[in-house]
Amino acid sequence: MTPISTLDVTKIRQDFPILQRKIHGHPLVYLDNAASSQKPAVVVAAVSGYFLNSHANVHRGAHQLSVEATDAYESARAVVADFIGGRTKELVFTRGTTESINLVAASWGGANLREGDEILLTLMEHHSNLVPWQLIAARTGARLRFAGLTADARLDLEDLAAKIGPRTRMVAVTHVSNTLGVVNPVAEITALAHEAGALCLVDGAQAAPHLDVDVSEIGCDFYAFSGHKMCGPTGIGALWGRKELLEEMPPYQGGGEMISEVRLDGSSWAAVPHKFEAGTPSVGDAVGLRAAVRYLTRLGLDEIHQHETMLTEYALDRLTELDGFDLFGPRTGRVGVISFRYGDIHAHDLATILDAHGIAIRAGHHCNQPLMNHLGVDATARASVYLYNTHEEIDALVEGLLAARKLFGGFA
Amino acid sequence: MNEHDPNQKGHDTEAPLHQLYQEVILDHYRKPRNKGVVDESTHNITMNNPLCGDVVELLLTVRDGRIVDAGFEGHGCSISQASASMMTERLKGRSFEEALAMDATFTRMLHGDADAATDEDLGDLRALAGVAKFPVRVRCALLAWNCLEELVGADS
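The listed protein sequences derive, respectively, from chains Y and A. Anchor point for the first sequence: position 178 equals 178 in our numbering, and the numbering is continuous, going up by one each time. Anchor point for the second sequence: position 121 equals 121 in our numbering, and the numbering is continuous, going up by one each time.
No lab work stands behind these hints, which were simulated from the structure alone. Even glycine gets a Cβ: it sits at the ideal position worked out from N, Cα and C. Check each hint, because a few of them may be wrong.
As the list claims (entries may be wrong) - DSS-like mimics (lysine-lysine), calculated; alpha carbons at most 30 angstroms apart, straight line: (1) Y:Lys-406 - A:Lys-133; (2) A:Lys-35 - Y:Lys-22; (3) Y:Lys-406 - A:Lys-92; (4) A:Lys-35 - A:Lys-133; (5) Y:Lys-22 - Y:Lys-11.
Unchecked claim - What the simulated footprint calls covered on chain Y by chain A, stretch by stretch (three residues with Cβ under 8 angstroms from a Cβ of chain A suffice, anywhere in the stretch; the number is not a length): (6) 120-130; (7) 371-384; (8) 395-402.
What the hints assert, rightly or not - Sample of chain A residues at the chain Y side, in silico, Cβ under 10 angstroms: (9) Glu-23; (10) Ile-45; (11) Gly-53; (12) Arg-63; (13) Ser-80; (14) Phe-96; (15) Met-102; (16) Phe-134; (17) Glu-150.
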């Protein structure tokens with residue numbers, strides 16, 4: 001059943017000034033949302049309002065501005081934690097998903113992994129949920145294993161279950177694939193990990209902007225996500241982790257903010273989550289993320305998801321009708337991340353031609369090289385939708401592809 | 001409101017695209033010349049563009065200071081592969097010095113130099129002059145030439 005969109009997209013588009021821009025003389029059609037979303041004016045106003053009116057360093061001053069800055073920062077933590085169903089003290093601000101996963105790999109992994117222990121990943125992980133584990137595996141002697149994909153490019157759950165063994169200590173899996181768009185059953189995967197006594201980290205970079213995420217429903221141990229893909233500023237993201245785990249883990253970085261007492265012969269650490277926030281945090285960006293979360297929450301994540309589902313179905317209907325269109329990933333159980341090839345026109349050539357028509361897509365390996373090797377391609381084109389995209393923009397994409405085909409004189 | 005007015009008016013969409021994707025470029029992309037193993041190659045190097053995954057391996061057979069055969073392997077966009085294909089056609093018979101001179105002219109053309117774009121030494125390669133209008137694609141066109149500079153520059 002096709003859901004009916006209840007979002008007023010015309011009104012939403014007015015919230016995003018950049019969508020009024022022209023690119024090479026054409027109205028901007030922004031379909032690179034999986035890389036980074038655009039920002040509503042309320043987010044930019046929140047960041048600038050903070051710096052123009054309330055800025056000082058946090059957690060240290062006795063003066064009024066420091067109190068206001070601290071309140072804003074800690075209120076942002078509460079709002080962002082609530083957004084994913086977590087408790088405030090379990091929410092660590094980071095620079096983004098990449099730093100969140102590096103934090104867990106280095107801190108938890110460094111303290112807990114032993115030679116021969118296993119970390120189970122999947123073939124569809126973004127490099128940011130792969131390389132940090134490679135680094136800690138090299139340091140500790142732990143071994144990486146990889147769950148494969150089914151023929152229709154979903155995660156192969158049987159293979160994943162079979163690869164969880166007595167030495168598995170961590171299962172780290174993406175909630176939504178940034179290339180295939182598939183939504184993984186992370187609650188089921190968490191249950192499998194826990195049965196074997198392993199922990200589960202979920203990479204939520206592509207899920208938090210689009211789905212109503214609740215970490216207590218998933219049951220996972222860590223959840224990582226980024227602000228800039230969900231209408232927030234760059235340079236801010238979060239790691240949610242179960243409190244007892246965060247408390248046991250050693251600090252990730254040392255410095256100010258994260259200490260309780262410092263002596264020349266050693267130091268003790270601040271309570272969680274501050275233990276993991278060395279140095280002056282990105283307060284303005286946290287305030288911006290708070291505004292983004294409020295913006296998305298006001299519109300409703302379910303409503304946003306419905307709109308995107310409808311748009312994705314329309315896009316897939318139209319695109320798969322095109323001769324030479326080759327979709328990577330399944331038709332259902334997915335979000336609006338659409339990876340494809342089009343005839344023998346290379347993804348970079350498609351991106352250049354579409355850009356000349358004002359249409360922004362991504363071309364390349366999407367930080368997913370092992371998945372590209374598995375799919376047998378060196379690059380794909382990727383169009384990804386968000387709350388402000390329209391049917392007309394999908395039509396523009398289709399027209400752009402037809403123009404590319406014409407420019408190339410058909411396909412070889 | 002915007003000092004730089006990013007909303008350029010009257011921009012022609014098709015003309016720069018047609019300049020970029022000329023028939024001769026698409027022909028080299030779809031029917032690459034000198035793609036495959038070069039007999040008794042004496043020099044080879046593989047380079048990639050990590051951002052987009054384009055790969056070119058350049059193979060040269062050098063005798064008595066002259067390139068007597070040139071070929072390539074690789075995969076990627078039409079610009080990177082056509083550039084490699086056309087380059088190998090123009091390399092045969094050249095000394096290293098002559099190869100580097102052509103490389104310098106080609107590089108100037110990609111940075112918008114109008115004189116370089118009419119230099120007959122470049123032959124079909126002049127079809128790639130349109131790349132200059134697409135700055136993000138310049139590195140695609142230069143990938144094979146970076147291989148050449150590494151091989152020939154390192155040896156001379």
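*Where does the structure disagree with the numbered hints, that is, which hint numbers, in rising order?*
2, 3, 6, 8, 10, 12, 14, 15 and 17
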